[in-house]
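Enquirer: My request is simple: use the sequences and hints to build the entire structure.
Read top to bottom, the protein sequences are chains A and B. The first sequence begins at 0 in numbering that gives the first Met the number 0 and counts up by one. The second sequence begins at 0 in numbering that gives the first Met the number 0 and counts up by one.
Each hint can be trusted.
Reference listing, derived: stretches of chain A covered by chain B, where coverage requires no fewer than 3 residues with Cβ under 8 Å from a Cβ of chain B:
id, stretch
1, 22-34
2, 211-218
Okay, the calculated beta carbon distance ranges per label pair:
id, chain 1, residue 1, chain 2, residue 2, range
3, A, Asn360, B, Ile99, 41 to 47 Å
4, A, Lys273, B, Ile99, 58 to 64 Å
5, B, Gln234, A, Glu235, 52 to 58 Å
6, A, Glu45, B, Gly154, 42 to 48 Å
7, A, Gly218, B, Val13, 17 to 23 Å
8, B, Gly154, A, Ser55, 21 to 27 Å
These are calculated hints, taken from the structure and not from any lab test. Even glycine gets a Cβ: it sits at the ideal position worked out from N, Cα and C.
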Amino acid sequence: MAEKVLMKGNEALAEGAIRAGCRFFAGYPITPQNEVPEYMSWRQEEVGGAFVQAESEVAAVNMLYGAAATGVRSMTSSSSPGVSLKQEGITYLAGSDLPCLIVNVMRGGPGLGSIAGGQADYTQATRGGGNGDYRTIVLAPFSVEELGNFPKKAFELSEKYRIPAMILADGILGQMMEGMSYNFEPVDPAALCVKPWAIGPNTTGRKRNQVYSYGLAEGELEAMVLKRAERYALVERDEVIYEERNTEDADVLIVAYGISARASIAAMEIARAKGIKVGMIRPITLWPFPAKRIAELASKVKAVLCVEMSLGQMKVDVDLAVNGKTPTYLHAKSGAFFPVAEEIAVAIESALNGKKEQLFNLADLAEKATNERAEAKNAPCKEGALL
Amino acid sequence: MNAITKRPESLLDVTMHYCPGCGHSVAHRLIAETMDELKIRERTVVVAPVGCAVFADKYFNCDSIQGPHGRGPAIATGIKRAKPDSIVFSYQGDGDLASIGMAEIVHAAARGENITVIFINNAIYGMTGGQMAPTTLVGQTATTAPKGRNPLLQGFPMNISEMLSKLESPRYIERVSVDSAPNVIKAKKAIKKAFENQVNKIGFSFVEVLSICPTNWGVTPLKGLDFLREKMMPQYPLGVFKDEKESVAQKIQEGK
Ligand SMILES: Cc1ncc(C[n+]2csc(CCOP(=O)(O)OP(=O)(O)O)c2C)c(N)n1
Ligand code: SF4
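Expert: Pasting the structure below:
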């Protein structure tokens with residue numbers, strides 16, 4: 000096995016992208032992903048690639064759009080508020096069928112939120128996020144090692160299907176240090192195949208290429224969207240990646256990705272020590288989602304427990320997969336508080352025994368909110384009062 | 000009989016959708032002639048905007064990319080940095096460049112990207128139906144300024160060439176017009192220079208083209224030309240705002 004080097008997540012990611020042949024990077028500063036552009040600023044120069052500190056995330060993603068259109072492995076990275084701004088470019092990249100890599104080192108939201116890690120951009124990442132009918136391939140690492148090794152996987156999937164790829168990490172992964180070893184030899188960009196659809200630097204010997212996302216003639220756009228959907232179907236069928244632990248004999252199935260999966264592994268050990276049979280499936284691709292496998296596993300357990308740093312965004316996908324056949328529960332930490340193993344262990348027991356402790360249920364909040372509103376009935380503007 | 004003129008090879012033989020009299024088509028022709036004359040057609044990438052020129056990618060006989068509203072200079076930056084041997088030009092209207100895309104043009108200029116920008120100033124939003132642009136003249140009516148642009152509510156028109164010329168990096172900035180034969184010849188010279196500068200690695204070059212939009216101004220093309228000369232030119236004087244002979248790299252090397 001290759002020797003491990005202690006590396007910070009964001010740096011492992013940046014170096015991993017370089018090794019994967021990325022030769023264009025544009026970005027804008029935002030915590031907790033600043034190490035990525037900082038690393039790229041000198042490393043791209045070293046390998047003869049391009050680095051641009053853009054004037055905004057909007058500009059950065061549009062630089063990415065231009066660079067990706069030339070066929071060079073290109074990437075941008077940001078964190079949640081910045082990724083919101085990038086949606087304009089991401090929908091054009093998707094609509095123009097350009098491979099590229101977008102990294103979101105998520106932080107707490109909405110709005111400015113917090114600078115600590117978060118996982119609340121799940122829906123935005125897996126449903127498209129920008130305007131129109133499209134998807135991005137979303138990879139969710141859960142260790143520094145995966146953070147460093149996923150760029151290559153992301154570029155390869157993205158190029159195979161001409162669908163933008165996203166690495167959905169979080170501020171904890173980005174900031175933490177762990178042993179890193181790359182599981183691939185550095186890619187020589189010159190050895191990659193020349194993309195027949197790419198623009199520049201010369202059309203001699205080929206037809207001119209056009210990169211665009213519009214289709215204004217009757218039926219043109221629909222044909223484009225449907226053609227793309229064929230590739231989505233292949234991705235959903237062939238490219239699902241997940242990891243399972245202790246699922247053989249499980250009574251409770253945890254579903255968790257990224258940093259929440261790390262905490263869930265520790266929780267599983269606590270619960271198993273108490274004799275509770277708990278297993279876990281960790282979606283590594285969030286789109287395509289391992290729905291089929293989750294359905295199979297769910298049919299064999301008594302309860303499914305989702306653990307995520309958002310109020311059930313991933314659980315929507317789990318519920319669609321489980322389809323009401325097994326009760327599903329949620330242990331949620333939103334607002335950039337990290338999942339804690341001991342609390343998840345309590346949630347596991349609650350899910351198994353029909354208790355409420357450490358389980359999040361939106362309906363439970365309605366009663367509380369109703370009471371608070373009743374107390375405030377004499378407030379001067381009670382409709383608008385933020386209680 | 001000898002043909003004294005022909006369609007430039009860089010301009011495809013397809014029907015353009017521009018209105019009769021529109022300045023866009025003249026600007027297209029001048030760019031295409033330039034591409035032919037400089038023999039750069041095979042190396043050129045056109046970045047088409049959002050606006051009436053959205054289909055520029057269907058008209059120029061070269062590689063193309065059509066991008067989000069106003070982001071042309073960022074897209075051009077990405078292409079040029081990824082493939083420095085490409086000749087990249089961003090073609091933009093005044094809503095595209097001076098309103099939604101203001102940050103992208105200013106920063107591409109400030110970085111001194113070695114690209115060419117052709118900026119069509121027709122003092123109005125053409126494609127969406129005659130709304131006010133940052134370049135709309137004081138008193139000029141628009142569908143979103145039915146009583147005319149009022150400086151108290153909407154401020155004064157923005158003179159982009161003058162603004163950009165205050166930056167250090169841009170090498171060449173000129174405002175031209177396509178209202179008459181002599182001015183078209185001057186416009187051609189400017190456009191050619193803006194491409195030559197890129198070929199010779201001199202740096203960021205920008206040509207603002209005063210142009211007419213008879214459709215949304217609600218006038219005939221001829222009346223439109225009068226409006227351009229009488230009303231636009233006093234606000235937007237023609238001329239060279241910046242013309243540096245050396246690239247920024249050359250200047251720094253010489254310690255200037
Ligand atoms: C993000 C976004 N906002 C608005 C529009 C709508 N839109 C299309 S063209 C246009 C105006 C273009 O005007 P201008 O740049 O002056 O070019 P012209 O049509 O006059 O050549 C607008 C606002 C859009 N397509 N995208
Ligand atoms: S609307 Fe105006 S700018 Fe657009 S094509 Fe017609 S004349 Fe030209």
